[in-house]
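Based on the provided sequences and hints, a complete structural model is requested.
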Amino acid sequence: MQGIKPDRVQESVGQACPMPIVNMAKNMRTMSAGQVLEIKADDEGAHADVRSWCEQTGNEFLGEENAGEYFRYFVRRKA
Amino acid sequence: MEANKGTMIVQLSGDFDKVFAGFTLASASAAAGMPTTIFFTFWGLKAIQKGNLTGKGFMGRMVGLMNRGGLQRLGPSKFNFGGIGRWMFKRMMKAKGVAGLEELRQACIDLGVKFYACKASMDVMEIRREDLIPEVADIVGAATAVKDAAAGSVQFFI
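Those protein sequences? They're chains A and B, same order as listed.
Under our numbering, the letters of the first sequence match residues 1 to 79, in that order.
Under our numbering, the letters of the second sequence match residues 1 to 158, in that order.
Simulated from the structure, these hints should not be mistaken for laboratory data.
Just so you know, not all the hints are guaranteed correct.
Straight-line distance between alpha carbons at most 30 Å, and here's what the computed DSS-like set of lysine-lysine pairs gives [as the list claims (entries may be wrong)]:
hint	chain 1	residue 1	chain 2	residue 2
1	B	Lys147	A	Lys40
2	B	Lys90	A	Lys40
3	A	Lys78	B	Lys5
4	A	Lys78	B	Lys114
Okay, here's the thing in structure tokens:
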């Protein structure tokens, strides 16, 4: 995940379901196609939820990275 | 984003935990780009009431007093113990970073979840339009609820 440069970073550490996803959706709505959003979250549910959300909305899940206290998820907005 | 079929939630319960479930599913559904509607009926109306006292006649006013609306007043379906349970759950949720009902309802509003209020329930309980939060899109009957449910692919009854 080193090579990815996010266009925006979302701080969701300390937030529980569904707020990381709610905020991710809000962020993505105001971004343009091709832009990358990084989500920092420590909610365990986010592992499955970020992927599920991408699958359902057709956005691209680029990957995740363990940052110790939290995870970094990278999502690219499609069209 | 890809178009999805809609979600329809019938919120019958006005219990803290069940309203929490309703708003959580609605916000997640709207976040996924699905047109989402919540139909608030009977006790569920409490979740979209401003919280003022309601009712015209004696019995209506008694219902308004004993069953006062507003998110702040919702108690859990179990372990309420006259309000202690509500306080306890709120504390536990906050400690774990779980959003409160106000925050969840606002997330639903921000993501475009449509709130419908049930006309018949409002008549029975003597709740007026002015007693509901302004974000309620419309006051409708069962036929509209069914029409929205038919247009969707997901229905929840809470």
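Here's how the hints hold up against the structure:
1. B/Lys147 to A/Lys40: At roughly 40 Å apart (the allowed maximum being 30 Å), A/Lys40 and B/Lys147 break the hint.
2. B/Lys90 to A/Lys40: Cα-Cα ~25 Å, so holds.
3. A/Lys78 to B/Lys5: holds (19 Å)
4. A/Lys78 to B/Lys114: Given pair A/Lys78, B/Lys114 holds - Cα atoms ~26 Å apart, limit 30 Å.
The earlier numbered hint that this structure contradicts is number 1, and it is the only one.
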